[in-house]
Amino acid sequence: MIREHIFTEMVTYECVMWRKSYASGTFKVLVDETEWDEAHLNGKGRIVQIIEAERPRLNDDYTDLHGGIDSLTKGTTLEEVKKLFEGKEGSFMHYEKSIPPTHRFTLKEQFPLEIKPVGLPF
Numbered sequence: 001m002i003r004e005h006i007f008t009e010m011v012t013y014e015c016v017m018w019r020k021s022y023a024s025g026t027f028k029v030l031v032d033e034t035e036w037d038e039a040h041l042n043g044k045g046r047i048v049q050i051i052e053a054e055r056p057r058l059n060d061d062y063t064d065l066h067g068g069i070d071s072l073t074k075g076t077t078l079e080e081v082k083k084l085f086e087g088k089e090g091s092f093m094h095y096e097k098s099i100p101p102t103h104r105f106t107l108k109e110q111f112p113l114e115i116k117p118v119g120l121p122f
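When you number the sequence shown by our numbering, it's gap-free, plus one each residue, and the end is 122.
Any given hint could be a false lead.
Unchecked claim - Subject to a maximum C-alpha distance of 20 Å in a straight line, what follows is the list of computed PhoX-like cross-link-like pairs (lysine-lysine):
(1) Lys116 with Lys88
(2) Lys108 with Lys82
(3) Lys28 with Lys44
(4) Lys44 with Lys82
(5) Lys44 with Lys108
(6) Lys28 with Lys82
(7) Lys28 with Lys83
(8) Lys83 with Lys108
(9) Lys88 with Lys28
(10) Lys116 with Lys74
(11) Lys88 with Lys44
To be verified - Now the in silico label distances, taken between C-beta atoms and shown as ranges:
(12) Gly68 with Met1: 41 to 51 Å
(13) Gly67 with Gly87: 28 to 38 Å
(14) Glu35 with Asp70: 29 to 39 Å
(15) Asp37 with Lys74: 27 to 37 Å
(16) Thr73 with Phe111: 17 to 27 Å
Since the hints were made in silico from the structure, they are not lab data.
Glycine residues also receive a C-beta, built at the ideal position from the N, C-alpha and C atoms.
Throw the hints in and build the complete structure from the sequences for me.
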């Protein structure tokens, strides 16, 4: 079943407690759902089309040896986000109780974003 979702985070790579690569902003997306749990507002599916993107950014967050987070951010376009996500499978969740609420799509086949500026030491 194809259903429209609004995501605020679309993850390309996540290694818990170390690194997370993702697109942030507000994305209106059509998802072909293969699983949907109405009670928990999560499921699995394939992104059919990204209709709209507000304030899209690419982010690459690293946790350093002292527990701090180094964040790299780059502005992007709707076309770049479409190339990263359209036609790809993954899981999604909508969790309204967190502050701010979480609306996330995570790719099944993950890959890190490489947005480091030239000369960055790590």
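Here is how each hint holds up against the structure:
1. Restraint check: the Cα-Cα separation between Lys116 and Lys88 comes to about 24 Å, which exceeds 20 Å; the hinted pair is violated.
2. For the given pair, Lys108 sits about 16 Å from Lys82 by alpha-carbon distance, which is consistent with the 20 Å threshold.
3. A C-alpha spacing of about 17 Å is found between Lys28 and Lys44, which places the hinted pair at or below 20 Å, so the restraint holds.
4. About 18 Å separates the Cα atoms of Lys44 and Lys82, which keeps this hinted pair within 20 Å; it holds.
5. For the proposed pair Lys44 and Lys108, the alpha carbon gap of about 9 Å is at most 20 Å, so the pair holds.
6. Under the criterion of a C-alpha separation no larger than 20 Å, the hint pairing Lys28 with Lys82 is consistent with the structure, at around 11 Å.
7. Of the supplied pair hints, the one linking Lys28 and Lys83 holds, its CA atoms being roughly 15 Å apart against a limit of 20 Å.
8. Our distance criterion of 20 Å between C-alpha atoms is met by Lys83 and Lys108, whose separation comes to about 16 Å.
9. Taken as a hint, the Lys88 and Lys28 pair is honoured in the structure, with Cα atoms around 16 Å apart against an allowance of 20 Å.
10. Of the supplied pair hints, the one linking Lys116 and Lys74 holds, its CA atoms being roughly 9 Å apart against a limit of 20 Å.
11. A distance of roughly 11 Å separates the Cα atoms of Lys88 and Lys44; the hinted pair therefore holds under the 20 Å criterion.
12. Distance hint for Gly68 and Met1: a CB-CB separation of about 43 Å, consistent with the stated range 41 to 51 Å.
13. In this structure, Gly67 and Gly87 meet the distance hint of 28 to 38 Å, their C-beta atoms being roughly 37 Å apart.
14. Glu35 and Asp70 have their C-beta atoms about 35 Å apart, which keeps the hinted 29 to 39 Å range intact.
15. Evaluation of the 27 to 37 Å hint for Asp37 and Lys74 yields a pass: the beta carbon distance comes to about 34 Å.
16. Our hint of 17 to 27 Å for Thr73 and Phe111 holds, since their Cβ atoms are close to 18 Å apart.
The structure fails to meet hint 1 from the earlier list, while all remaining hints are met.
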